[in-house]
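A.B. asks: Okay, here's what each chain looks like letter by letter:
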Amino acid sequence: MTAQTFTHPWRKLKLTLSHRLADFNPTQWLISMLLPATGIVIFLMLWHVGAGQINTSLGTFPGPLDVVEQSQSLWEGHQAERESERAFYQRQEDRNAARMADDPGYTPTIHSYPGKATFIDQTVTSLVTVLAGFLVASVIAIPCGILIGLSRSTYLAVNPIIQIFKPVSPLAWLPLVTMVVSAVYVSDDPMFEKSFITSLFTVTLCSLWPTLINTAVGVANIDRDLLNVSKVLRLPTFTHIRKIVIPSAIPMMFTGLRVSLGIAWMVLIAAEMLAQNPGLGKFVWDEFQNGSSNSLGRIMVAVLAIGLIGYALDRIMLMLQQAVSWDKTSEQR
Amino acid sequence: MTQTHLELSGVGIDFPTPKGPFTALNNVNLKVHDGEFVSLIGHSGCGKSTVLNIVAGLHQATRGGVLLNGREVNEPGPERAVVFQNHSLLPWLSAWENVELAVKRVFGKTKSRTEIKEWIAHNLELVHMGHAMHKRPGEISGGMKQRVGIARALAMQPSVLLLDEPFGALDALTRAHLQDSLMEIQAQLGTTVIMITHDVDEAVLLSDRIVMMTNGPSATVGQILEVDLERPRNRLALADNAHYNHLRSEVLTFLYEKQRKIEPFSARTTASAQAKKKTEVA
Chain A
11 MTAQTFTHPW RKLKLTLSHR LADFNPTQWL ISMLLPATGI VIFLMLWHVG AGQINTSLGT
71 FPGPLDVVEQ SQSLWEGHQA ERESERAFYQ RQEDRNAARM ADDPGYTPTI HSYPGKATFI
131 DQTVTSLVTV LAGFLVASVI AIPCGILIGL SRSTYLAVNP IIQIFKPVSP LAWLPLVTMV
191 VSAVYVSDDP MFEKSFITSL FTVTLCSLWP TLINTAVGVA NIDRDLLNVS KVLRLPTFTH
251 IRKIVIPSAI PMMFTGLRVS LGIAWMVLIA AEMLAQNPGL GKFVWDEFQN GSSNSLGRIM
311 VAVLAIGLIG YALDRIMLML QQAVSWDKTS EQR
Chain B
3 MTQTHLELSG VGIDFPTPKG PFTALNNVNL KVHDGEFVSL IGHSGCGKST VLNIVAGLHQ
63 ATRGGVLLNG REVNEPGPER AVVFQNHSLL PWLSAWENVE LAVKRVFGKT KSRTEIKEWI
123 AHNLELVHMG HAMHKRPGEI SGGMKQRVGI ARALAMQPSV LLLDEPFGAL DALTRAHLQD
183 SLMEIQAQLG TTVIMITHDV DEAVLLSDRI VMMTNGPSAT VGQILEVDLE RPRNRLALAD
243 NAHYNHLRSE VLTFLYEKQR KIEPFSARTT ASAQAKKKTE VA
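Note that the protein sequences, when read in sequence, are chains A and B. Here the first sequence is numbered in the working numbering, starting from 11 and rising by one per residue. Here the second sequence is numbered in the working numbering, starting from 3 and rising by one per residue.
Derived from the structure by calculation, the hints contain no laboratory data. Ideal placement from N, C-alpha and C gives every residue a C-beta, glycine not left out. Don't take every hint at face value.
[What the hints assert, rightly or not] Covered by chain A, according to a simulated footprint, are these stretches of chain B (three or more residues, beta-carbon under 8 Å):
{"no.": "1", "region": "97-108"}
{"no.": "2", "region": "186-199"}
[Stated by the list, open to error] Simulated pairs of lysine-lysine, BS3-like, Cα-Cα distance not exceeding 27 Å:
{"no.": "3", "chain 1": "B", "residue 1": "Lys113", "chain 2": "B", "residue 2": "Lys137"}
{"no.": "4", "chain 1": "A", "residue 1": "Lys241", "chain 2": "B", "residue 2": "Lys21"}
{"no.": "5", "chain 1": "A", "residue 1": "Lys241", "chain 2": "B", "residue 2": "Lys33"}
{"no.": "6", "chain 1": "B", "residue 1": "Lys106", "chain 2": "A", "residue 2": "Lys204"}
{"no.": "7", "chain 1": "A", "residue 1": "Lys241", "chain 2": "B", "residue 2": "Lys137"}
{"no.": "8", "chain 1": "A", "residue 1": "Lys241", "chain 2": "B", "residue 2": "Lys106"}
{"no.": "9", "chain 1": "B", "residue 1": "Lys260", "chain 2": "A", "residue 2": "Lys241"}
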């Protein structure tokens, strides 16, 4: 007998694509594009009309056009800030080079740029924080979930604790996390900002639970027949977990991970607002305090950015789930 | 074929219930010879599967015990490979990988890599699955899944192959195909087989002996029927065979006259549902 025959991934991809093309139905496609587009257009119109009716002390509520205008101005602001940062370092280098030429013994110092973080910078900070917090949460939650799912006694012991901590709001954790981080994370040359660590752990504490619970449920509900197969084969515990438990639980695990990531993103924005930690939340709060005529428009830009990023994160998780899971039918919601 | 290979002596099992222990099986005695094909038949809920699970080691007998080659069985192991009713293949692995998991576990230390590959391929060929070795369970039919399940069990080279209603979930034609395959394989390998079935034709066609079980609670062996039909057996030729039909009617008589269910329907379903629940808990 020949060894395993194997379809090359590239060939596989080409095959899938040609199948997709064969299945392509223009009418279907038009409908599937047209309906969401109609929804968006109607929403924009309602928003435009509605926004004009609301007057605040900072002017009318921002409509779609204000948002476009403000996002342009935020982008230009970002570009300008980058340019001035580049110029700042260039000036220092030129100055240092000149002094070195005069006095070879001179050791140059570079001052870091003191400019303020732009909208883009804040977005990047938030993204990095949320991913780090989510990663820490997952690294804790998945193994714990597996353990809880495997052992009924552990589940019974741990369940009340999970149930109590699960509904706690991030805002309640925040002061505690802040104080603990200040007390514990002491270092002369910190690798991360304290604010980053605080945001990260707040996110972790709140986004831990869905993954933990879903993993445990997924593990606890493995098909009895598959467990019997494992018993008949006398699989060692580790192989049992790797070959039977984890693949079985992956669909549930990913459902949990998606919920966790969604929560992580919402929690982070709230935590940043409250703690004045760098990120999109701080951006929103600063604009609110700033109270210029552009502020509401800028906040609206941030709101949309938060929504789009949340949506993108969820899609990425779904793609990851479909790539990892054997169950290719996992729902596209 | 005279040496006792597997012996059940005085096997009984109680399942705990809130109302005290429920005796599902009592005093089940059976001797199976090497290379013999034995069917267990009985009404649903009579504890056939429980007997098989005790032999497999998935359940522990409350009384009595099981000896395989003179050694007591008290935990599951690959020398008593089980084919479950619902194929129970790992859906995330291909047919090949499903068999590989078993082969690596049983022969990982004794066979070389190439030998393992050959052995996997050999067993898949044996059940006529050579053409779809790299398909996942979701991509093949129910009959094919069950074939892979049998290949996986055979690949463990078990001392006794335990089949728990292996063809119960299949349509009649597929079932006939698989029965023929199973007869062929058993003739070739001489594996000792215990099969649970509720299909009288299947039992008569495949078995050397048919063990008929009484109804529960306290189910036990009611009658044992020797099937002395010559092998190889052909289902078409046997359809008109007087002896075959006689054997068939003996089993039917046992099931529908001697062990006719006389309890009211509702009581029966609750009892069997309870028994099932307990089985699952245990």
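A.B. asks: It remains to establish, for every hint, whether it holds in the given structure.
C.D. replies: Structure-based check of all given hints:
Check result for the region 97-108 of chain B against chain A: holds, 5 residues qualifying (beta carbon to beta carbon below 8 Å, three or more required). Evaluation of the coverage hint for the region 186-199 of chain B: breached, as 0 residues show C-beta separations to chain A shorter than 8 Å, against a requirement of three. Proposed proximity of Lys113(B) and Lys137(B) is supported: the alpha carbons are some 25 Å apart, at most 27 Å. Our distance criterion of 27 Å between C-alpha atoms is broken by Lys241(A) and Lys21(B), whose separation comes to about 30 Å.
Restraint check for Lys241(A) and Lys33(B): satisfied, since their Cα atoms lie roughly 25 Å apart, inside the 27 Å limit. Only pairs whose Cα atoms come within 27 Å are accepted, and Lys106(B) paired with Lys204(A) is rejected, the gap being roughly 50 Å. Taken as a hint, the Lys241(A) and Lys137(B) pair is honoured in the structure, with Cα atoms around 24 Å apart against an allowance of 27 Å. About 15 Å separates the Cα atoms of Lys241(A) and Lys106(B), which keeps this hinted pair within 27 Å; it holds.
This hinted pair does not check out: Lys260(B) and Lys241(A) have alpha carbons roughly 37 Å apart, beyond 27 Å.
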